[in-house]
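Here the protein sequences come in this chain order: A and B.
Note that our numbering has the first sequence beginning at 3, numbered continuously upward.
Note that our numbering has the second sequence beginning at 74, numbered continuously upward.
No wet-lab data here; the hints were simulated from the structure.
Honestly, I wouldn't trust all of these hints.
[Unchecked claim] Derived, one-sided and incomplete: chain A residues facing chain B with beta-carbon distance under 7 Å:
no.	residue
1	TRP33
2	CYS66
3	GLY71
4	PRO85
5	PRO86
6	ILE88
7	HIS93
8	ARG94
9	ASP96
10	ASP135
11	TRP148
12	ILE149
13	VAL154
[Claimed, not checked] Here are the simulated DSBU-like cross-link-like pairs (lysine-lysine), alpha carbons at most 30 Å apart as the crow flies:
no.	chain 1	residue 1	chain 2	residue 2
14	B	LYS382	B	LYS87
15	B	LYS436	B	LYS293
16	B	LYS153	B	LYS302
17	B	LYS302	A	LYS77
18	B	LYS382	B	LYS302
19	B	LYS293	A	LYS77
Glycine included, each C-beta is placed from N, C-alpha and C at the ideal position.
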Amino acid sequence: MTAIALIALVVALVLVRIGWNGARGLALLGWALALGALTVLAWQDGAWGLSVGVVAGMGTALACVLHAGWSAPAKNLRARREPPAISIPHHRRDLVRRLAVFALVVPVAFAAAEWFAFGVQAAIRGGAALDSDAVVLTLYLQPVIWIALLTVQLTRARPSQMIAAPLVTAIAGTMLWGAA
Amino acid sequence: MSALPVSPRDTLVKRALGGHAAIGLLASALIYIICLSGTLVVIHDRWQRWEQPDVPEMSALSPAAVQTAIAAALANEAGKPATTHLYVRMPSAELPRATVTTDSGGWYVDASGRIVAREAHGWTDFLIAMHEYLHLPMTWGMVLVGALGVMLCALLTTGVLAHPRIVRDAFSLRARHDAQLARADWHNRLGVWTLPFVLAVALTGAFIGLGSVGTTMLAKAYTGGDTLKVYAHIFGHEPPSNPARAPIADAAAAMRTLEARVPGTAPTYVIVHEPLTAGQHVQILAAHPRRLIYGESYFFTSTGAFHSKAGLSDGAVGKQVAASSYNLHFGNFAGLPVEIAYMLMGLALCAITATGNTLWLEKRRRRGLGGARLRAAWSMTVWGSATLIVWAIWLRGVLGAEAPLALAFWSAFAAALVVAILYPRVADTAALRRVCAGSILLTAIGHLMLVRPAIAEPIVIDLVAIALSVPLLLWGMRARGRAAHMTLGADPTPA
């Protein structure tokens, strides 16, 4: 059954690739088949089955991309002369701004995420003893929250706008810890 | 006339791209080295066979042989400080060898449990240490590598936000267009379709690397600062120590007890905690097939009687998640096919990292903003680090397994970067790529001719290395041929 589901996954991604050329129905069918195959793998073999399925799916998709590159026509289209997304700081105020951004997104956001994760596990446990679920929740939630903070902060226009996200997170962590 | 209004979506895309570039420029060199070393250590067990091919191999080790190996290792420890732990690594499909390790080192044993050779895979250990903690003091190094895992995940999220045509361009790869267009397509297509892989390895890497910080916080809050008590909730509690002298624990009896209690399990490690003391106990780690967990831990008394198990296979969800993170990160949960897939996707991640910075550098060059020294430093990072990893093999071959590979690598890398910055022409990308490819080719041929491995797997690794290095060498030579006819405005960074 695992082998059948894996083969179905490969077929599904090929259908998605064919459908990408314009036959939207085929692409939708492909995604539906992929979802079904992954469901079967997860049902049968849990996280292991899901992981093996996703690896097979990625491999198929990458093979399709490489084939597209191999068969791409040679053209002399030149890339637009776009400005680089960020510039090298030359003035002191630019350097100070960069250092402020670094401080906010690295140590400040890291600490806020850590405190929030600590507060979550305290709130979930209430007064109960420390257990494996609480430990793992703390350790695993922290990087996830930090990634979310980084994503929010780095899409703000100015360093002053990057303060709110970690501040709100830290306050939420304090409230959760206080409620525990 | 007023300027056209900019939509909030365009603003978000622009800011996300700026954030993506900021993280990339700050962290890409270290991320690249971690990705490159990580790609190689997916098959670290097979590198051990490649590096030290002349060691007895077997498919299984009997309980009696395990007990003999333990006794032999403890006899070897005479006159040294008492070892706190003794590990017997059992033969597996990836590494059909048995080792016994104490605090003072590791030795290979034969099928009867007799010590036959010292573990001497210094280059493989050098690669693993580079990936896990960049050869820094271990705890701090792991925290840094974990933080870089978070940065890699943030590169994913900002990269997706900065890619509004992500669905429309899903299978578009203009590999034969202008180099900058091709580079952008490689970066984006590989980035999108390896997204689940990168998310999985970067997140699990972050969990593993940053775990010590969270554990310390929990320990200070709840266990009086004792981090072992925090870890014990996941991996099992150890009985109290008792340093009084005692005979060797009966690990063979423990193995027989396990086989009777849980038939068909495959022990991967047999561990004696605090051997030769009254507080000693035996732990057997056993693999569970078709599971992501690295195994279940079974605990036994010193006489081999069953005591308890950690519950990694069927206990609390937190334990199962923690135990699953390692195999998901290492890619060793479904044999060679998944290992090969992980290596190929790891190489893709190296290409994504390399092309990302090059895209930014080339945009600067095309706008007349210069950056020759930065380009040289980046070329040296991408191709120079790989070359130095290969040259480390020769250093290990000449000086032995104890050669200071980490010191040599980082010293040489720093010097190479200084030279590249001072003399950018030296760090020509095509030339560096040829040197790298040539080094791989010569090393593979040299290994075949000088080491003459008698087992198949190291020979296969050499042949694959030769097969991959030849096209890489020819690519570099083709680029040199084009460069000879290059015009002034052409792209000098064909990476």
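Outcome of the hint check:
no.	hint	result
1	TRP33	11 Å, violated
2	CYS66	6 Å, holds
3	GLY71	4 Å, holds
4	PRO85	6 Å, holds
5	PRO86	4 Å, holds
6	ILE88	5 Å, holds
7	HIS93	15 Å, violated
8	ARG94	19 Å, violated
9	ASP96	12 Å, violated
10	ASP135	4 Å, holds
11	TRP148	5 Å, holds
12	ILE149	5 Å, holds
13	VAL154	10 Å, violated
14	LYS382/B <-> LYS87/B	53 Å, violated
15	LYS436/B <-> LYS293/B	49 Å, violated
16	LYS153/B <-> LYS302/B	29 Å, holds
17	LYS302/B <-> LYS77/A	63 Å, violated
18	LYS382/B <-> LYS302/B	17 Å, holds
19	LYS293/B <-> LYS77/A	63 Å, violated
The earlier numbered hints that this structure contradicts are 1, 7, 8, 9, 13, 14, 15, 17 and 19.
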